[in-house]
Every structure is written in structure tokens, then in C-alpha cells.
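We have chain A; now place chains B and C onto it with these hints.
One line per chain: the protein sequences are A, B and C, in this order. Take 46 as the starting number for the first sequence in my numbering and just add one per residue. Take 640 as the starting number for the second sequence in my numbering and just add one per residue. Take 136 as the starting number for the third sequence in my numbering and just add one per residue.
Treat the hints with care, as some may be off.
Stated by the list, open to error - Beta-carbon label-pair distances, calculated as ranges:
no., chain 1, residue 1, chain 2, residue 2, range
1, A, K277, B, E643, 17 to 25 Å
2, C, G173, B, E813, 38 to 46 Å
3, B, V666, A, Q271, 35 to 43 Å
To be verified - Calculated pairs, DSS-like style, for lysine-lysine (alpha carbon to alpha carbon, straight line, at most 30 Å):
no., chain 1, residue 1, chain 2, residue 2
4, A, K252, B, K658
5, B, K737, A, K89
6, B, K840, C, K174
7, B, K901, B, K837
8, B, K657, A, K254
9, B, K839, C, K207
10, A, K402, A, K328
11, A, K230, A, K242
12, C, K208, B, K657
13, B, K840, A, K252
14, A, K402, A, K325
15, C, K174, B, K657
Said to hold, decoys possible - Beyond 10 Å from chain B on every Cβ pair, some chain A residues (computed):
no., residue
16, E88
17, A115
18, Q163
19, S209
20, K226
21, T237
22, L264
23, C297
24, G326
25, G354
26, M385
These are computed hints drawn from the structure, not numbers from a lab. Since this is a predicted model, take the numbers as computed values, not measurements. Built from N, CA and C at the ideal position, the CB exists for glycine as well.
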Amino acid sequence: MGELKLMKGNEAIAEAAIRAGVDAYFGYPITPQTEIIEYLMAEKPHERTGMVVLQAESEIAAINMVYGAAGVGKKAMTSSSSPGISLKMEGISYMAGAELPAVIVNVARGGPGLGTIQPSQADYFQATKGGGHGDYRMVVLAPASVQEMSDFVSLAFDLAFKYSNPVMILSDGVIGQMMEKVELKDAVPRWTDEEIKKISPWATIGKPKTREHNIITSLDLDSSRQEKHNEKLLAKYNEMRAKEVRFEKIECDDDIDYLFVAYGSSARIAQKSIQLLREKGIKVGLFRLITLFPFPYEEIEKMSSKVKGILAVELSAGQMVEDVLLAVKGKVHVEHYGRMGGMIHSPLQVANALEKKLIGG
Amino acid sequence: MRDEIYNEIVQPENLVYKKTELMTDKVLSYCPGCGHGTAHRIIMEVIEELDIQESTIAVAPVGCSVLAYEFMNVDIQQAAHGRAPAVATGIKRCWPDKIVFTYQGDGDLAAIGTAETIHAINRGENIVIIFINNGIYGMTGGQMAPTTLAGMKSSTSPYGRDVAMMGNPIKMTELISHLDGAYFVTRQAVHTPAHVRKTKKAVKMAFQNQMDKKGGVSFIEIVSNCNSGWKMSPVHANEWMVDNMFPFYPLGDIKVDGEMVKK
Amino acid sequence: MAKVRGVIIVDTEKCKGCEVCVGNCPTEVIGMSDNVNGKGYHYAYMAQADACTGCSNCAIVCPDGVITVYRKKITVEV
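Isolated chain A (complex conformation) (with noise of 0.2 Å):
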């Protein structure tokens, strides 16, 4: 067993981060994540790997920082929350054409506009349909615990690369401020100059004189070529829609008539409203989503002819409850259920949603 601690999501993020040998984090201030920047900053982790921290001038500073930092092969993150992350849509649509690896992640909060600082998971279409602009997509992973806070940096990071595209971790206010007890790993070292030069070698960090000079763009004016570009990203995003799908059945094991499908804190909820369905004889099991993007339409569908109805639980007006209703073509009965403007469904609040949307009691 890892060394073990006691520690807030957010903590736990920053703390995966130097252990990961990320190299540079860029970020500023926003609620309900800002123990990311605070905990790296108390840590020194330029004492401890080498690692930079920068509190940049703005989120869309800070998302350009990673760009550069990206470009020139480096492991670079930033962090915000909903509105930030609304600033860093442009730069992060750059880094897909770019194609350029990098980590995001957003710790949501209630919106829309500036909206409050509790939790929320209203960003699910800006994580998962674009947000910013033209056609691109990147891996969304949705932690559900302080541990996947922790674990999921460095595979994020194994996919950014993996792909040469930015991934976003999307958490949420309640994973971010919660404490839990996390089994940290064992710490990586950052790459070196010469591990990069092997691993990227597109990256601009100097043309020697035994190659032509790399140029990291986002721009062709030719649209032929910008097509044949677009093309190359798609059979990129199709690549992850085949490999990197994820996902846990929870007490999905007997013959289930209900189906909670669900990601985050909304999961850990919706876990208690099992257990409440379960002692009146209503059989439910829950589908948590691990990635959002790529969606799991074939397993949903799968389970769609199991059931009699699936209840999509998301603290928003419903965003992820299209992609169910998507996977399930029009097979079984699916309904949305989920408090908004930072309020917090509780497990009694869902449970009932399910008896009185898909049961009719």
C-alpha cells in the first residue's frame, strides 16, 4: 500500500500533479478550486522536481502558458472553474488543431454567468460537445472520489500524449472541497530534455541542423489541406471513441427494473438512493460514467433492454441526459432528474425522482 492522507479533492489533484512529474501549472484564482494553485504554491514543487507554478494574469493567460509550455513538449496543466474555463475555450480549441497535449480541469460550479461558487455539473455539453470553437473533442474524465482526483492526473496525462490532445478532468465543487483518504502513488520523475526530444519530436525547441524547422499552428488558409487536417483530428477522436471508453456498473448485477446513470458527486448520490429504493423492493443499479467523452452508448444501450427506465441524475437542467436518450434510440423510457444553481439533490430527493418519473408513484 501507497502512502496514505487525508486529504481534499483539490489537494489531491495538485499533490497527483508534482508526483506525476508534471512540469509546469499555470492557473489563477477561482472558487471552488483554488486550493490547487495555493497547495502547489505552499508544496514548492520547483524545489521538489523542478516543477513550475505561475499564477498567470487571467484563466485565458494561464491557458495560453499551457500552449507554449505544450508546444515545446512539456507536461502543463491549469485548472478553474465554469466561468474560467469558459475563457480558456479558445486556447483550448487551438491546442486540439494544434495538437498539442495538455491537461484541463474544471471544478464546476452553478451557472450560468458568473452564477455561485457551490457545486454544479452544468458543463458537461462545454466539456463534451466543443465549448469552444469547430470541430474537435478531447477525452472528459469525470472523478467520482478524492482518489480518482488523484489517480486521474497522470492518466490524463498518458492520454494527452496518447492522442496529442488536450484532456479535461471535470469534477465538480463536491469532489473538489470534499476529504477523503487517498493512497497517493509513487513519485515519477519529469521527462528529460532528451526524453522529450524522443517523445515529441514536433515539439519547437530548437531547429538543429539535422532537421527542417518544427512550426506548432493551428492555421491553413489552403481548406483543402485544412480539410484533409480536419479528417486526421476525426480519425483521432474515433480512435478514442473505439479505445478509451470507461465506465463502472454499480449493484447492476441481478435483474435490475431501474437505471441510474450518472458521473461525479451526482454518482455518489445516486449510490444512497439505491440503497433506499432497494429496502422498499425496487431494483435499481447505477451506470456511472468514468469518461464523458468518449459516451458509452453501446453499453447503455446494452443495459437499455434490461430495464424498464433509466433516470440520468446530473446537477444541471439536464445536459448528459441527451447522450442516454441518444444510446437508448427510443427503447426504454429515460428521464432527467437534478437540482441546479448550486443545490444539491439529496439521495431521498433522487430516489423519489425515480419512483415518481419512471415508476409514476
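Chains B and C in isolation, oriented as in the chain A frame:
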């Protein structure tokens, strides 16, 4: 000229000037007479003479010189509009021994990128910022820029820049020179050989400052023509620049070795 | 007697006919050709070749860097 004399002169050992190999062979996308081409070439000559091609990383803007990456034979990243100083910060913080410079126009540096410009300089990033000021947005068809002169016509100030509505043109260079993180600040031009030589000296000093880790940004504004945006011939545009731009944007060193130059 | 004489070679296909070189030549060597290149630009050329001293002013002010300069001290008949 008689053929014998011509052949006697045109021999490899008599070569005194050739475009640097650090400019690629591609035909520049800039308009005839545009200062961008000259500025590009000066920077590349300096990089060649300082022998730092292998450690130089450039950051290109959005604007006419978005395509700088086609012409500058160094590793180069194209940045979102205005964000080059932030991109440069990300690069330089991660590879402090590399030589990093941004190349930006007036919209990029002084409109959308004002915060990134000021904060990179305020942090004293050890980079070079090259600022091409032609008082107009060339790439998008000649709109008003923050540095467009009072009364100057553009496609979004067709009756002349109205100071009451839009404020005065902004002297970005003077503004940032007051930041402690600005180490070397100068304003130059590239329309005559004498000015080209002075600009090249300034660019060399800027890159040398970075190599010597003097600490702080070396910031070079190059006042340039934009004959297309100004709707003049290149030669006339240079004359107009001397008569109109230079009085408002006076050439010369503003800050050297961290000290303001006394007037 | 010996005189410094220069020759400029203009890449006529890359010249954009901006004429900035013309006024910056101290000895009025450069003219604009009546011919045009593939892009339709009247390109620069040595109209008064004998006046060229190879000072390189034209080359260093050329925005497109299309001018290559040679210079040699040669013996000229008086």
C-alpha cells in the same frame, strides 16, 4: 556595364550581401514595400550572427505576420491573438536557457493582448518582444488600431479617428517602459538603410540581453508603413510615416540596461 | 586607377516592384523595368550599372530580400 567587368565583380569571393539562410525560400505574403519583410530579415540575420538558431523559439501572432512561421527558419509557435507573451512565458519558464521572442502587430500587442503584454513585462520575463506598429489592422482589411493616429482614416474610422469617441492613439512603448520588468525599450524604423542598421543594432542588443540573462524584457517597437491599409504607394507611405507617425511615435532608445534614457 | 565597383543581382521573379530601393540608392543606380515578372510586378534592375559601388543600401532595405550584392576594387581605364 561591360561583360568582363561584370564577370570580374560577380564572383563568390566578392559577395557582400545575400539574404540570410535563416529566412526560408518562400515568397513573403506581405504587400510590396511592407516593413514586415525587412523586420523579419533583420531578426533572422541577428539570430544567424549570434549563432543561436538551434536554441531560438519564436512566437508568431495573429495579423499579417501570422504566417511568419512560413518565413522564419526557426522553431516557431503560432499564438492566439494577443497571447504571444503568455505563450512565450510558458515556453521560457519551462526551458529557461532557450532564446524566446515574440513578434506582434499593434492589434495583437496593444488591443486584445494588452494584459498579456503588460504582465509578461511586469514579471520581467527574460524574452524579446518585437512590436510592429503600423497604426492599422492590415490582415483584416485596414481597420483602426489602438495606435491609429487622431484623424487618420481607416475602414472603421472612415471619417478619421475621432478622439472624442475612441480616445487618443496609445503609446504602448512609453507605457510599459515604466515597469521594472522592462530592461531595454526602444523605438526604431526600417524604411532606410540607416534605420535598418540602427534597428539591427537594437535587435542584437535585445537578443544579447536575453543570452546574458540580464533579467527583464527587451522590447523593440518598429514603426512601419502599411501602404495597403493607408492606401498609398510604398514609397509615399514611407514619406507619410516620417511626416505623421514619427512625430507622435518618436524614434530612439527609451530605456537601456534598466534605466530610463534622459531626454 | 582602382575603383570600388558593385553589381546587384535582383531576383526578378520575387521582386514586388515596391521601389523602396530606388530612392535609397546613393548613386541612383536602380530603375524599374518596363517588363513585368510572373506576378505582374515591374521589377528593379541596374539602370546605371556603372554607378554602383556595392554599398548594399538597396539590399538591406529591400522588404523581400531579393537583392544580392557583389563588390570588388577593379582597375578602370582613366
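task = Just pull the numbers of the violated hints for me, sorted ascending.
result = Violated: hints 1, 3, 6, 17 and 22.
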